[in-house]
Amino acid sequence: MQDYINLFVKSIFVDNMVFAFFLGMCSFLAVSKSVKTATGLGIAVVFVLAVTLPINYLLNRYILAPGALVWLNPEYATLDLSFLSFIVFIAVIAAFVQIVEMVVEKYSPTLYSSLGIFLPLIAVNCAVLGGSLFMQERGYANVGEAFTFGLGSGFGWMLAIVTMAAIREKLSYSNVPKPLKGLGISFIITGLMGIAFMSFMGIKL
Amino acid sequence: MNKDIYRKPIFTANPITVLVLGICSALAVTVQLKGACVMALSVTLVTGFSSMIVSMLRNTIPNRIRIIVQLLIVALFVILIDQFLKAYAYDVSKQLSVYIGLIITNCIIMGRIEAFALGNKPIPSLIDGLANGFGYGMILVFIAFIRELLGSGTLFGYQIIPQSWYVANGGFYENNGLMILPPMALILVGCIIWIQRSVQKDLQEK
Amino acid sequence: MNTNSNLYTIVYSTILVVVVAGVLAFVSMALKPKQQENIALEKMQNILNAAALGEDAAQLKSNKAAYIKGLYAEHITNSYILNIEGKVIDGEAFDVDLKAQYNIMKAIGNAKDDATAQALKSKLQLPVFVCTIDSMDLNIFPCYGAGLWGPIWGYLSVEDDFATLHGAIFDHKSETPGLGAEIAKPKFYSQFAGKKLEKEGKFHSIDIVKGGGQVENSNGVDAVSGATITSRSLQETMAAWFAEYMPYINLKREAVEAENSPCCCGSDTTGVCTNSCQAETSHATSSPIK
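So the protein sequences, as listed, match chains A, B and C. According to the working numbering, the first sequence is numbered sequentially starting from 1. According to the working numbering, the second sequence is numbered sequentially starting from 1. According to the working numbering, the third sequence is numbered sequentially starting from 1.
Think of the hints as simulated: they come from the structure by calculation, not from any bench. Among these hints, one or two may not hold up.
To be verified - Straight line, CA to CA, 20 angstroms or less: simulated EDC-like cross-link-like pairs of lysine to aspartate or glutamate: (1) B:K94 <-> C:D97; (2) C:K99 <-> A:E145; (3) C:K64 <-> B:D91; (4) A:K178 <-> B:D202; (5) A:K181 <-> B:E174; (6) B:K94 <-> C:E198; (7) C:K187 <-> B:E174; (8) C:K173 <-> B:D202; (9) C:K69 <-> B:D91; (10) C:K99 <-> A:E169; (11) C:K106 <-> A:E137; (12) C:K187 <-> C:E37; (13) A:K170 <-> B:E205; (14) B:K94 <-> C:D90; (15) C:K34 <-> B:E205; (16) C:K32 <-> B:E174; (17) C:K112 <-> A:D3.
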């Protein structure tokens, strides 16, 4: 249990998707203008990451990794399909996002109007594909760890975009040099927040 | 031919500093110039060729599965590049790790395919893709140049700042450790935008 | 033609997937040998570097691969896999997956009771490489662990007194460039040459301490400044692996002592002697490298 809590906290604060790896920056900068929309997108990312990571973990474990097909036939021990992993991961993510969008649209129009518009954005959010690729590279031990990592990274991303949106809401009242307004100052603030988040690195987990 | 196709993405509509596309996957590779150059080249090739292929197929792609088909074509080129790097530039491929795979979700590529390649002929699409990749790569290489020079005192791994300057050898100079940390890349992009928008006043936001 | 009909969509996507998969499978098959060679070469170079060999390979413009392979064939005279008791078991040391061993070690640490821990321990495979330079046999021990951002690994070569380090090499997947990544630079790892494995008669891993490396501190090595976590992880990794290698090192030490005394291999007066003899004979038959 302790392992999972460690991994969860670590993926929110220490290995933060935005501040440590620059993942999901496009939508991070584009959708962080108001706290309300930022929260909506954040929740959608948490949801998609937490579901696609375990799926991709199982695909990687039982189909893609070198020698993963042994369960079908011991002769396949030398087979290595890992070159297909990019395509499989992105296909799972895109398909899942599409399905969720259709389901939400059909059964809960209110949820769709608040969350649905963000879903297509997520298929090309690097944080989601990045989560799957990091999961593959770091070799998590089981589905539980993959799920915890997905959930944690999602919350880390949400935390980043919501705080950023809060700062930008306040920022509209400040006197920023004209050429820096908007995009420029957002980059610099993200950098400063990244430096602040680096202080979590020293935590021994 | 219209010069705007390749002039615009490099200056007035630069993917990074003006359109804010494709920052995701790439800033982390700007610590060293070598990685940044390979990344810039990879993105340029992928953007160019996937734009061209999509443009060739543009009248046959069923509209409902358009996004998936585009992703598939982009992923094909990214995997090809990844495989070639692993075989012929193993060091660089190790350094770039997951960020090569993340080119797939680089918003410039999908952005150019949707905005340009779907409505234009293959050759202009190729040029548009290459130019956008180049405009993007230019910023990457520039940031990497500053970060590697000030952060490690080297360029492409070769020592540029003379050893005798360093405090350890009795000099006055010390590498700026902050430069190699991830957040510095963001702050540098902020500064580049600042400079660019001071010159091109029409880009300023209200 | 109606590009929106279901049949067209299905046929179109099928053809596209088959074409893409075909191209990828072909390229992947064609490049596979080259990629695997790169990985094997890197490992060979790591092993050689630990014995302070082949460091000039980086300057070679051409035939780097052939040079490293030649050096490896010339110097790495033997390699074998050890179990937890320090005895040689069957297998090809070069093919042992260090990461898998690291995962077993981690599982041992988390084991709930002694029985599971013992069962896991018996699964451990510890590779050792013997490198001969000018008739001196160096034993090269790999280690693998977690750094700050990703895995770190290294190879340490121990001289034939089984007490002094001859050299070391470390590498990492994704430590911070300029900070944690400095463990892979000669400035850091060259400090390990000549350090003792033990301190005050007790097994003591190499201390990575700030301001270490003084003459009186025969275990200390100067840590990478600004990379406390990477340095600490590296120290823990080495300590964990050497704890597993200790039975073997002790056996070897006793064998060295026995060689200097009348009792020698061949006589089975002591169990220790026989053990080391078994080790000698069994690894003599195994082929050194592929």
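Among the hints numbered above, which are violated by the structure, and what are their numbers in rising order? 5, 6, 8, 10, 12, 14, 15 and 16
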